[in-house]
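*Asks:* Listed here are the chains, written in short residue letters.
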Amino acid sequence: MTYIAKPRLHHPSLVKNKAGFTRRDYEGAVSTLCAGCGHDSISAAIIQASYELDVLPHQIAKLSGIGCSSKAPTYFLGASHGFNTVHGRMPSVMTGANLANKNLVYMGVSGDGDSASIGLGQFAHIMRRGVNMTYIVMNNGVYGLTKGQFSATADKGSISKKGVANSEEPIDLVSLAIMMGATFVGRSFSGDKHQLVPLIKAAMAHQGAAFLDVISPCVAFNNHPGSTKSYDYVREHNEALNRIDFIEGREEITTSYDAGTLTTVQQHDGSILRLRKLGEDYDASNKVGAMTRVQEGMAAGEVVTGLLYVDPSPKDLHHHLNTVDAPLNTLGDADLCPGSSALEKINASLR
Amino acid sequence: MKPTDIANPDYFHKVVDCQWACPAHTPVPEYIRLIAHGRYSDAYMINWKSNVFPGILGRTCDRPCEPACRRSRVEDETLVKGKKEPVAICRLKRVAADYKDDDIAAHMPKAPEKNGKRIACIGGGPSSLTVARDLAVIGYEIVIYDQDPKLGGFIRTQIPHFRLPESVIDEEVGYITGIGNIEFRHQRVDSMKAILAEGYDAVFVGSGAPRGRDLDVPGRKEAAANIHIGLDWLSSVSFGHISKVGKRVIVLGGGNTAMDCCRTARRLGGDDVKVIVRSGFEEMKASPWEKEDAMGEDIPILNMLVPKEVTHKDGKITGVLFEKVKAEYDAKGRRSLVPSGEPDEHHECDDVLVAIGQENSFPWIEKDAGIEFDKWGLPRLNEKTFGSSHPKVFFGGDAAFGPKNIIWAAAHGHDAAISIHKMLIGEDPEDRPAPGVTVASQKMGIHEWSYDNAPTIDHRLKVPHRPKQEALKDIMAEVELGFDPALAFKEAQRCLNCDVQTVFTGQLCIECDACVDICPMDCITFTDNGEEKELRTRLMAPAMNPTQDIYIGNDLKTGRIMAKDEDVCLHCGLCAERCPTGAWDMRKYYMEMTQAEHACRKQ
Numbered sequence: 001m002t003y004i005a006k007p008r009l010h011h012p013s014l015v016k017n018k019a020g021f022t023r024r025d026y027e028g029a030v031s032t033l034c035a036g037c038g039h040d041s042i043s044a045a046i047i048q049a050s051y052e053l054d055v056l057p058h059q060i061a062k063l064s065g066i067g068c069s070s071k072a073p074t075y076f077l078g079a080s081h082g083f084n085t086v087h088g089r090m091p092s093v094m095t096g097a098n099l100a101n102k103n104l105v106y107m108g109v110s111g112d113g114d115s116a117s118i119g120l121g122q123f124a125h126i127m128r129r130g131v132n133m134t135y136i137v138m139n140n141g142v143y144g145l146t147k148g149q150f151s152a153t154a155d156k157g158s159i160s161k162k163g164v165a166n167s168e169e170p171i172d173l174v175s176l177a178i179m180m181g182a183t184f185v186g187r188s189f190s191g192d193k194h195q196l197v198p199l200i201k202a203a204m205a206h207q208g209a210a211f212l213d214v215i216s217p218c219v220a221f222n223n224h225p226g227s228t229k230s231y232d233y234v235r236e237h238n239e240a241l242n243r244i245d246f247i248e249g250r251e252e253i254t255t256s257y258d259a260g261t262l263t264t265v266q267q268h269d270g271s272i273l274r275l276r277k278l279g280e281d282y283d284a285s286n287k288v289g290a291m292t293r294v295q296e297g298m299a300a301g302e303v304v305t306g307l308l309y310v311d312p313s314p315k316d317l318h319h320h321l322n323t324v325d326a327p328l329n330t331l332g333d334a335d336l337c338p339g340s341s342a343l344e345k346i347n348a349s350l351r
Numbered sequence: 001m002k003p004t005d006i007a008n009p010d011y012f013h014k015v016v017d018c019q020w021a022c023p024a025h026t027p028v029p030e031y032i033r034l035i036a037h038g039r040y041s042d043a044y045m046i047n048w049k050s051n052v053f054p055g056i057l058g059r060t061c062d063r064p065c066e067p068a069c070r071r072s073r074v075e076d077e078t079l080v081k082g083k084k085e086p087v088a089i090c091r092l093k094r095v096a097a098d099y100k101d102d103d104i105a106a107h108m109p110k111a112p113e114k115n116g117k118r119i120a121c122i123g124g125g126p127s128s129l130t131v132a133r134d135l136a137v138i139g140y141e142i143v144i145y146d147q148d149p150k151l152g153g154f155i156r157t158q159i160p161h162f163r164l165p166e167s168v169i170d171e172e173v174g175y176i177t178g179i180g181n182i183e184f185r186h187q188r189v190d191s192m193k194a195i196l197a198e199g200y201d202a203v204f205v206g207s208g209a210p211r212g213r214d215l216d217v218p219g220r221k222e223a224a225a226n227i228h229i230g231l232d233w234l235s236s237v238s239f240g241h242i243s244k245v246g247k248r249v250i251v252l253g254g255g256n257t258a259m260d261c262c263r264t265a266r267r268l269g270g271d272d273v274k275v276i277v278r279s280g281f282e283e284m285k286a287s288p289w290e291k292e293d294a295m296g297e298d299i300p301i302l303n304m305l306v307p308k309e310v311t312h313k314d315g316k317i318t319g320v321l322f323e324k325v326k327a328e329y330d331a332k333g334r335r336s337l338v339p340s341g342e343p344d345e346h347h348e349c350d351d352v353l354v355a356i357g358q359e360n361s362f363p364w365i366e367k368d369a370g371i372e373f374d375k376w377g378l379p380r381l382n383e384k385t386f387g388s389s390h391p392k393v394f395f396g397g398d399a400a401f402g403p404k405n406i407i408w409a410a411a412h413g414h415d416a417a418i419s420i421h422k423m424l425i426g427e428d429p430e431d432r433p434a435p436g437v438t439v440a441s442q443k444m445g446i447h448e449w450s451y452d453n454a455p456t457i458d459h460r461l462k463v464p465h466r467p468k469q470e471a472l473k474d475i476m477a478e479v480e481l482g483f484d485p486a487l488a489f490k491e492a493q494r495c496l497n498c499d500v501q502t503v504f505t506g507q508l509c510i511e512c513d514a515c516v517d518i519c520p521m522d523c524i525t526f527t528d529n530g531e532e533k534e535l536r537t538r539l540m541a542p543a544m545n546p547t548q549d550i551y552i553g554n555d556l557k558t559g560r561i562m563a564k565d566e567d568v569c570l571h572c573g574l575c576a577e578r579c580p581t582g583a584w585d586m587r588k589y590y591m592e593m594t595q596a597e598h599a600c601r602k603q
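Going down the list, the protein sequences come from chains A and B. Under our numbering, the first sequence is numbered contiguously, ending at residue 351. Under our numbering, the second sequence is numbered contiguously, ending at residue 603.
Honestly, the hints are just simulated from the structure, not real lab data. Please read all numbers here as calculations on a predicted model, not as lab measurements. We treat Cβ as the ideally placed atom computed from N, Cα and C, and that holds for glycine. Among the hints, erroneous ones may be present.
Unchecked claim - Distance condition first, Cα-Cα at most 20 Å in a straight line; then the derived DMTMM-like pairs of lysine to aspartate or glutamate: (1) Lys6(A) to Asp549(B); (2) Lys16(A) to Asp54(A); (3) Lys14(B) to Glu511(B); (4) Lys557(B) to Asp232(A); (5) Lys324(B) to Glu297(B); (6) Lys490(B) to Glu85(B); (7) Lys6(A) to Asp76(B); (8) Lys6(A) to Asp452(B).
Said to hold, decoys possible - Footprint (simulated), chain B over chain A, 3 or more residues, beta carbon under 8 Å: (9) 3-15; (10) 34-48.
Said to hold, decoys possible - Short derived list, chain A residues pointing at chain B, Cβ under 8 Å: (11) Gly191; (12) Asp232; (13) Arg235; (14) Tyr282.
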């Protein structure tokens, strides 16, 4: 952590977005995480993405559980709604919040401990319910707050700081999310904002359950030789399948690409994802193919990144529950309590 | 781009904009920190060593450091509630002089045993006094000649006492003569040959640019009794020979001398004083703050008026007739003033002060004295050594390259002293000594730095002034009262500590982006290398100021480079604080120009 607050002075070229805010306006309090923590880079990417999307800060709700990653929401979007839940229970609180007011942009921030251990059940269910949200796991493979024990996402064979190899199988949250029905799934790396920022923007624009697994090295306990979640390891084994050039609805495509290298995916809200091919042919809309490729990558020791799976026309929780168009928290007494005569009618219909 | 060579002392020197811009390269941030700490004597001595006249310059300097100050590039108008402003460097210097300990003279060096060599200094102004100081402390015997009864030159004769009290001049001249081995001869020098014949080992000419340019228009001769050359008039006022002026005064000219003339006239009985200038307001040579001070004393400045004729009746001046002009620019952007076609303007007056420029004049240097002059009447000099075509004769101050100001005179004096000393010990004066540089990490603990690294967003503070009515009554009453210690502390805190440098060690970097994310100014980027022009466009924030360097660090594992735009860095140290591996460190580069005393330091 630092002792002084980030100075308010800024670069003279800093510009306001369409919402009337500069990028600095999307910042939060100064980070108390260890210097060099990947989480701080992800926070910076979220700030950049929110700024570029012109979102009004008060239209965002950020929810988190417990852990280093779950502290992070304090360090971005300082003017947005926040909820720090019980350990592993962020998904149920977010589900409830989303049910009550579906007009907010929901961002869940969690870690590998919070989501893959204590909160694994909740993680699976929020994905299958299709809550409209962006769920980001800051994944470093260790429990940083308790000084570096392996977490459930640590790769088998990865060496701890004390020199012990991990003997247990890892939980792959990407595979789990795809299997459980998330409709936008990607993986990225805190050290590669060129890939990460467009992914976060696309996920925020996605009108369904979006999940991002972001490898985020723990500088204090998991950034040594032998670790599979260190800066060096991820850089050496990063297999990026595609690059997103996320653009919003009205913007025109100005860059030209060679034929066959660009796939365009129009999402339900009208936003357009331009996927630039990197190397192999990869079809991000093929769910089974995505699961296979991710598993192949794991077997080969690769860190497969990019937009791995997307369903451009997702159905979300409110669709499944057939709720009214207006957010539930805006309904008045008259809507919520139709009176005794309506009750009589219902009762009569059941007799 | 090539990796930055931070071993070259110029690289980080340039980052300290104020010090780089100062002709004498005074270590500004260091003395400002000392002022903030209340260590006024130490702050004074840093200045004294570097620019010789801290109390004088703290009131009168042309402050080339201030327009250069980084603060004026990074402030945000909405945060500081006012326009972007540099740190009040000049007036902080005065604070060091005002609040230093009484026993400051005890800090000054004393002349050692004489080395047997004698140096003559012609003129008793700032360049000669600097040469005298630098050489007296290493054993030379100095003789200073001046036509005026006291040392100081233009400092004493041209700057009105309401801007610079005489006591300050006496004090600071006293510190120099107090070193010892410096003799003052109140004697006008009329012959260079006679001086050379006295057998001096070297002669330094610091005789200034003493001739005020005259007005050449009809009526000048007839009304001569009420038309005065500004330089001579100020000097006469300074020595008490003139104590009155007419009620209506016109000052011709747009430089600082004109500003001194009009403000002096206001105090000697001028009720209706105006400054009339050929050029536009913006193009005037006077410093902006001097124009402000003049206007603050109810002196209007009229522009785009060229004097055409002095009107007079019965041998007495009645006024000046002006032609109205406008500026026109040719294809090359050169300005010329052409008649605007409007009718001429007549301004009535009782006295005219002519301050339209000053010139060098060396009637006392014989043509066959062995000193060559160019077609403008300036001596032919080696710009590095200040040596003339005569091996024993050196020039400095206004006498060298025409009218400049005190801080340049001090800088010239230091350089000429080095040359004289090197010549006399048999070294090549062309071989200039390197500056002295000390580098020290400022890290005190995990989040602690030995400097105050949190930048303030305070607006530049104004120096308190004496109430106008009171100031205008007494020509001896100093207008500026100076910062008190509390104001000085607040203003000192605005300094960004640009001498505490961000030093990058690529081998230690793990490219975690922590510095990129925390930097409030977005001045750090990790990217692929490229040509400078193209690279500047694709940094975190564009580097639009080509006069400021891009710091390039290499040796990164990914093969990328670290590019830092020095232009807007706040030196807040957050990059170093957030760096997990110590790849960034905040190190203070204390740079001191080498003076004659240590002139044998090799480059």
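*Asks:* If a hint holds in the structure, say so; if it does not, say that too.
*Replies:* Structure-based check of all given hints:
1. Lys6(A) to Asp549(B): violated, 24 Å
2. Lys16(A) to Asp54(A): At roughly 9 Å apart (the allowed maximum being 20 Å), Asp54(A) and Lys16(A) satisfy the hint.
3. Lys14(B) to Glu511(B): Not OK: Lys14(B) and Glu511(B) at ~27 Å, beyond 20 Å, violated.
4. Lys557(B) to Asp232(A): holds, 8 Å
5. Lys324(B) to Glu297(B): violated, 25 Å
6. Lys490(B) to Glu85(B): Given pair Lys490(B), Glu85(B) holds - Cα atoms ~14 Å apart, limit 20 Å.
7. Lys6(A) to Asp76(B): holds, 15 Å
8. Lys6(A) to Asp452(B): holds, 14 Å
9. 3-15: holds (count 12)
10. 34-48: Holds: 9 residues of the segment 34-48 of chain A have a Cβ under 8 Å from chain B.
11. Gly191: Result: holds, 6 Å to nearest chain B Cβ.
12. Asp232: holds, 7 Å
13. Arg235: Since the shortest Cβ distance to chain B is 6 Å, the answer is holds.
14. Tyr282: Since the shortest Cβ distance to chain B is 24 Å, the answer is violated.
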